[in-house]
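We have chain A; now place chain B onto it with these hints.
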Amino acid sequence: MMTSYAQDIITGLSSLLTGMKVTIKTMFTKGHTVQWPRQTAQLPLNFRGHIRLVANDSTGFAKCIACGSCVRACPSNCIEVKGEKPEGAKKKSPTLFRLDFTKCSLCGLCVESCPVAAITFSRDYALAGLTSEPFAAMNLLDEVASPFAGEEQ
Amino acid sequence: MITEISIMRTLLSILGITLVVGVNAIFVVWFERKVAGHMQYRLGPTEVGPAGLLQTVADGLKLVSKQIIFPQSADKPIFILAPIICLVPVFIALLPVPFSATWQAHELDMGLLLVIALGLLNTLGILLAGWGCDNKYALLGASRAVAQILAYKIPLLLCILPIILLAGTFSLREIVLVQEQSTWFALYQPVGFLIYLIAITLETNRSPFDFAEAESELVAGFHTEYSGMMFSLFFLAEYTYMLVASAIASILFLGGWLGPFFPGPVWMLIKIYFFLFLMMWFRWTFPRVRVDQMLSFGWKILLPISLLNFLITAGVMAAL
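Residue numbers (my numbering), protein chains in the order written: chain A, 1 to 153; chain B, 1 to 320.
These are computed hints drawn from the structure, not numbers from a lab. Bear in mind the structure is a predicted one, so any value in this text is a computation, not a measurement. There's no promise every hint is true.
As the list claims (entries may be wrong) - Here are the computed lysine-lysine pairs in the DSS-like style, where the Cα-Cα straight-line distance is at most 30 Å:
| no. | chain 1 | residue 1 | chain 2 | residue 2 |
| --- | --- | --- | --- | --- |
| 1 | B | K153 | B | K136 |
| 2 | B | K300 | A | K21 |
| 3 | A | K21 | B | K136 |
Unchecked claim - Every beta carbon over 10 Å from chain A, so not counted as near; a handful from chain B, in silico:
| no. | residue |
| --- | --- |
| 4 | I7 |
| 5 | G49 |
| 6 | I78 |
| 7 | I85 |
| 8 | L161 |
| 9 | E180 |
| 10 | E215 |
| 11 | M229 |
| 12 | G259 |
| 13 | Y273 |
Quick reminder that beta carbons are idealized off the backbone N, C-alpha and C, glycines included.
Looking at chain A on its own, in the form it has when it is part of the complex (with noise of 0.2 Å):
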């Protein structure tokens, strides 16, 4: 009985010195903390922003032919597509193409029965705003350059 109310306290005194030492050790290791604003974090590859349009790499503009496959797969409907072909073309080019994300889940059916692959993730993360309205309509057309430019004015 006295052996082992010694042994207890031995082995209870060596395990709180093995967990002091795991602790002074950490302390002299450098922070995982990120300082956001200053510094950002590495994004993972597959990381999943809003969507984006890819723009055709010779012409700029979008590559999309507005055929609605996207719209069809969209579970939460939130893409809005309308195009027309521009003068002389064979496809025809999106002239709207509007994202809802407040409703949108990330879940990448869009981007996966795009035929052309015109649809990607962005890798824009700080989405903070005060009011809802700029994201329940997002006009991704803006980032890519369009074909009707010059017919509209």
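Chain B alone, transformed into the frame defined by chain A:
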């Protein structure tokens, strides 16, 4: 005899102690948050002042400007008295603490006894706080503090007694002077030193023994109902109590202000902050134990071992 010098001395020591208490609290709270942060892969305060040093000042200003809320069914005089009873004794307990052979507010030949006795008042303040605000969590916290004091105070006294036997005096200053002749008492009393370390963790209500507060079980324990400046008085008392306990520990076991190269007060502060760091290290390493575990630990392990330590020391001293 009241002379001009004695009045000046009293005023200066009041000023000095207030400064020590204030600066210590500002520094230690910052230091604790830094230590806690770095032990958890974080950085701690970095924004206010250089390396976040003024964070405590900012927090203090916030606390002072906050409203003090009195619960409707609180016993108002007791509610107000409790934080004062917690804080005032630690101011007085700093009086006989020598920071060097000459830096001492007041030399008392019973200094150690005074500090131990004033340490008991801290628990009285906690009990009053828990009772006065009529809150079940606060009362539970207070009752735990009272159960706790019985478990640690006797082992604490039993490991101070061999020191008094070795030094032959109750005066804190003379205890250090005796160590100047021989060597640090921690070398004579390693077991007593260890038990004293555990006991002051219990005495200052620090994790792993922070039952009176126990934020994960009792909301905030005895200061659940306190807000604003009254809460910060408890906070100030806790950190000042840590300072006093560390100062006594370094005087009793590590030779107080004794040390080479640096002047006395520097060594004293180094030793004090070594103990304070040790207590922070304990807090951010060990999870809180259960109340019954603490009580059985106090009565079944601390008490017999410290009693044995005392008897052996007394026996050896009688034999020599």
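Status of each hint after checking the structure:
Annotation: proposed proximity of K153/B to K136/B holds, straight-line Cα distance about 26 Å (limit 30 Å). With a CA separation close to 27 Å, the supplied pair K300/B and K21/A stays within the 30 Å bound. Between K21/A and K136/B the CA atoms are separated by roughly 38 Å; this puts the pair beyond 30 Å, and the hint is violated. The beta carbon of I7/B sits about 47 Å from the closest Cβ of chain A, which is more than 10 Å, so the claim that it is off the interface holds.
Distance to chain A confirms G49/B as a non-interface residue, since its nearest Cβ pair spans about 16 Å, more than 10 Å. Interface exclusion of I78/B from chain A stands, the closest Cβ pair being 38 Å apart, more than 10 Å. The beta carbon of I85/B sits about 33 Å from the closest Cβ of chain A, which is more than 10 Å, so the claim that it is off the interface holds. Its beta-carbon lying about 21 Å from the closest one in chain A, L161/B satisfies the requirement of being farther than 10 Å from that chain.
For E180/B, the condition that its CB be more than 10 Å from all CB atoms of chain A holds, with the nearest at approximately 31 Å. Look at E215/B: its CB is around 20 Å from the nearest CB on chain A, clear of 10 Å, so calling it non-interface holds up. With 10 Å as the threshold on Cβ separation, the claim that M229/B sits away from chain A holds: the shortest Cβ distance comes to roughly 31 Å. Taking the minimum C-beta to C-beta distance to chain A, about 23 Å, the non-interface status of G259/B holds against the 10 Å cut.
Distance to chain A confirms Y273/B as a non-interface residue, since its nearest Cβ pair spans about 15 Å, more than 10 Å.
Taken one by one, the earlier hints fail for this structure only at number 3.
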